[in-house]
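Read top to bottom, the protein sequences are chains A and B.
Following the working numbering, the numbering of the first sequence begins with 1 at its first residue and continues without gaps.
Following the working numbering, the numbering of the second sequence begins with 1 at its first residue and continues without gaps.
Hints listed in this document are in silico derivations from the structure and should not be mistaken for laboratory results.
Note that this is a predicted model, so its numbers are computed, not measured.
Hints may be right or wrong, so weigh each one.
To be verified - Listed next, the in silico DSBU-like pairs over lysine-lysine satisfying Cα-Cα at most 30 Å (straight line):
no.: 1; chain 1: B; residue 1: K191; chain 2: B; residue 2: K239
no.: 2; chain 1: B; residue 1: K81; chain 2: B; residue 2: K161
no.: 3; chain 1: A; residue 1: K279; chain 2: A; residue 2: K45
no.: 4; chain 1: A; residue 1: K144; chain 2: A; residue 2: K226
no.: 5; chain 1: B; residue 1: K82; chain 2: B; residue 2: K191
no.: 6; chain 1: B; residue 1: K81; chain 2: B; residue 2: K71
no.: 7; chain 1: B; residue 1: K71; chain 2: A; residue 2: K276
no.: 8; chain 1: A; residue 1: K45; chain 2: A; residue 2: K144
no.: 9; chain 1: A; residue 1: K109; chain 2: B; residue 2: K71
no.: 10; chain 1: B; residue 1: K81; chain 2: A; residue 2: K108
no.: 11; chain 1: A; residue 1: K37; chain 2: B; residue 2: K150
no.: 12; chain 1: B; residue 1: K150; chain 2: A; residue 2: K103
no.: 13; chain 1: A; residue 1: K279; chain 2: B; residue 2: K82
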Amino acid sequence: MIECVPNEYGRFGDFGGKFVPETLMLPLEEIEAELDKALADESFKQEYIRILQHYSGRPTPLTFAPNLTQRLGGAKIYLKREDLNHTGAHKINNAVGQALLAKRMGKKKLIAETGAGQHGVAAATVAAHFGMDCIVFMGEEDIKRQELNVFRMKLLGAEVVPVSSGNRTLKDATNEAIRYWVAHCDDHFYMIGSVVGPHPYPKMVREFQRIIGDEAKEQFLAREGKLPDVIVACVGGGSNAIGMFYPFLQDDVRLVGVEAAGKGIDTPHHAATITKGTKGVIHGAMTYLLQDEYGQILEPYSISAGLDYPGVGPEHAYLASIGRVRYESATDDEAVAAFQLLAQTEGIIPAIESAHAVAKAVELARGMSPDETVLICLSGRGDKDVQTMMRHLSAKEGEDIAAVR
Amino acid sequence: MPLSVNPPLFIPFIVAGDPTTDVTIDLALALEEAGADILELGVPYSDPLADGPTIQRAAARALDGGMTLPKAIQLIGEMRKKGVNIPIILFTYYNPVLQLGEESFFALAQENGADGVLIPDLPFEESGPIRELGERFGLPLISLVAPTSKQRIERIASAAKGFLYCVSSLGVTGVRETLPETLGDFLREVKRHSRVPVAVGFGISTPGQVAMLKEVCDGVVVGSALVQKVEQLALRLQKPDEREAAVAEFAAYARSLAAPLREPCSSR
């Protein structure tokens, strides 16, 4: 039996909590109190659902993947199509929820951090929709890698602040967003993009993402008359995975989270936090993280900017520790192969993040029988990754040619 | 021995290993001579959430030089051998403490002559076990209150040991040109609840600010202003023939900041 989590201290077992400067304790308490009220308020929920239906296009479809299923000759594969959301990924679910909460609290200025730019775009989008200001912190390195999303955020009226501290990626952008929040917590709302950070963020983001799993459960039952045997989702901070897994935690369903193994979990170049990390505190939460023996946080690596994070949501750390969810990993190359496979068999180009889940699902489905089923959370679409893919594949081709010579 | 101090308190902050461990020892000696009542020794961290750019850069310099939490603690032992006698508070983020092991951390700190611990990302609710462990080793955990603490002040102040650290304003560490107008009221409110001296920090960088603050509290913590000075002097501090002059310049700067505390109080 899974404990009811988090408890009043924001703990999921040993994980979670609030490890933040004193200045943020009151703002966190205020958010927590308002969140509890909002979640108990039927009109809040209706407004959230209404916006997701009419603005973002929910419910997203559950798509059977016949060609991929046939190609693998194993379990039937289904896709939960979060890629069909407005702005191209599940991030909008959370952004709408938090913007509604900010509105309820009378805050009209949003702060967000972003890695690849998907959460930044979602935050900028809801800010435009609700008539709010939005300031997005983004590492200088990611700004270079994701020029288009930077421009997209600016088009939407957001201010994008380049972050030059540390390695200039998501971890550093999050640090800077928190520092900015400490200075402006009296009139700004910090909209975190994943199930990370201090309590109540991991719980809040879960509540705004569980719509993925709630819908999928109903759709799957309607289609197959039973629950899926296995559900697979990619895990960076882990918001799409928690959103998908949460409604299935009490069911007899195998849940598999897939972390980014980058160039391999036995190299230093990966982002496989649960697989290879140790317990510690990052961005206000006790969780697993990538760190050295002295507790300095290490820079992760993944081809996918959305999975390139040295921590992981505390609820995932908890689910791993009690063995309810199995966490595995997929390398850059495996993700790229899965990216191509799904594109060619089904005409669906997944986000490179989601392709990590596809890679693991493909491996699992092969070994299963045709009367079994696998459900993949297809968290986003891959338009944003086409350039990265071009570079990666032409570099590979170069290597292959060199090897032949 | 419990950390006992007599106000008014001048509490300078420097980063262990910035720019080198030898220099840090010299700076500590200079600060004691300049009238420091307590030294706050910062342990560099890769992700210092409560710190602004000045201390972030100092931490990066120290980490590049190979500084770690155990080495920073051992540096206190070295300081004791070289004649630093004032109380030393270790300022460290929580994660390095967790990795060293909480008990090992306190044992090592005690063995090396530290007098207290300040963990900026360990708020009151999360601090119970560490606070108890600190008591056991005779190393109080210094508590912080912030302008947003409001109804939390009483609870936090009642557990305070040594001195109570008041964060002057919203935001991270760093030099500020102005302090909030409401600071006086906030400090008076904190003092009403506190049984230990109340020191204010974050953004304090001029003798004028120190003069104003001593009217409403028991001491000041000066961090970024001093760290900035170290940054300016870093090259000279590392040259054998210039170090003495650079240390003297640093000491004079520190003395100028402490000076207003030593003048008679105008209104208390």
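*asked:* For a C-alpha distance cap of 30 Å, please report whether K109 of chain A and K71 of chain B respect it.
replied: violated, 43 Å
*Regarding the pair K71 of chain B and K276 of chain A, is the alpha-carbon distance no greater than 30 Å?*
Since the Cα atoms of K71 of chain B and K276 of chain A sit roughly 26 Å apart, the hinted pair holds (cutoff 30 Å).
*Given the proposed pairing of K45 of chain A with K144 of chain A, does the C-alpha separation stay at or below 30 Å?*
violated, 38 Å
*asked:* Between the alpha carbons of K144 of chain A and K226 of chain A, is the straight-line distance 30 Å or under?
replied: violated, 46 Å
*Take the C-alpha atoms of K81 of chain B and K108 of chain A, compute the straight-line distance between them, and say whether it is at most 30 Å.*
violated, 56 Å
*Restraint status (C-alpha distance of K279 of chain A to K45 of chain A at most 30 Å)*: The given pair, whose Cα atoms are some 35 Å apart, is violated under the 30 Å limit.
*Pair hint K37 of chain A and K150 of chain B, alpha-carbon separation not exceeding 30 Å*: holds, 22 Å
*Restraint check for K81 of chain B with K161 of chain B, where alpha carbons must lie at most 30 Å apart*: Holds: K81 of chain B and K161 of chain B sit about 26 Å apart, inside 30 Å.
*asked:* Checking one constraint from the list: CA of K81 of chain B to CA of K71 of chain B, max 30 Å. Satisfied?
replied: Holds, at about 15 Å.
*Given hint K103 of chain A paired with K150 of chain B - CA-CA distance at most 30 Å*: holds, 24 Å
*Are K279 of chain A and K82 of chain B close enough, with their CA atoms no more than 30 Å apart?*
violated, 37 Å
*Assess, step by step, whether the Cα of K191 of chain B is no farther than 30 Å from the Cα of K239 of chain B, and give holds or violated.*
Violated, at about 45 Å.
Hints 1, 3, 4, 5, 8, 9, 10, 13 from the earlier list are contradicted by this structure; the remaining hints agree with it.
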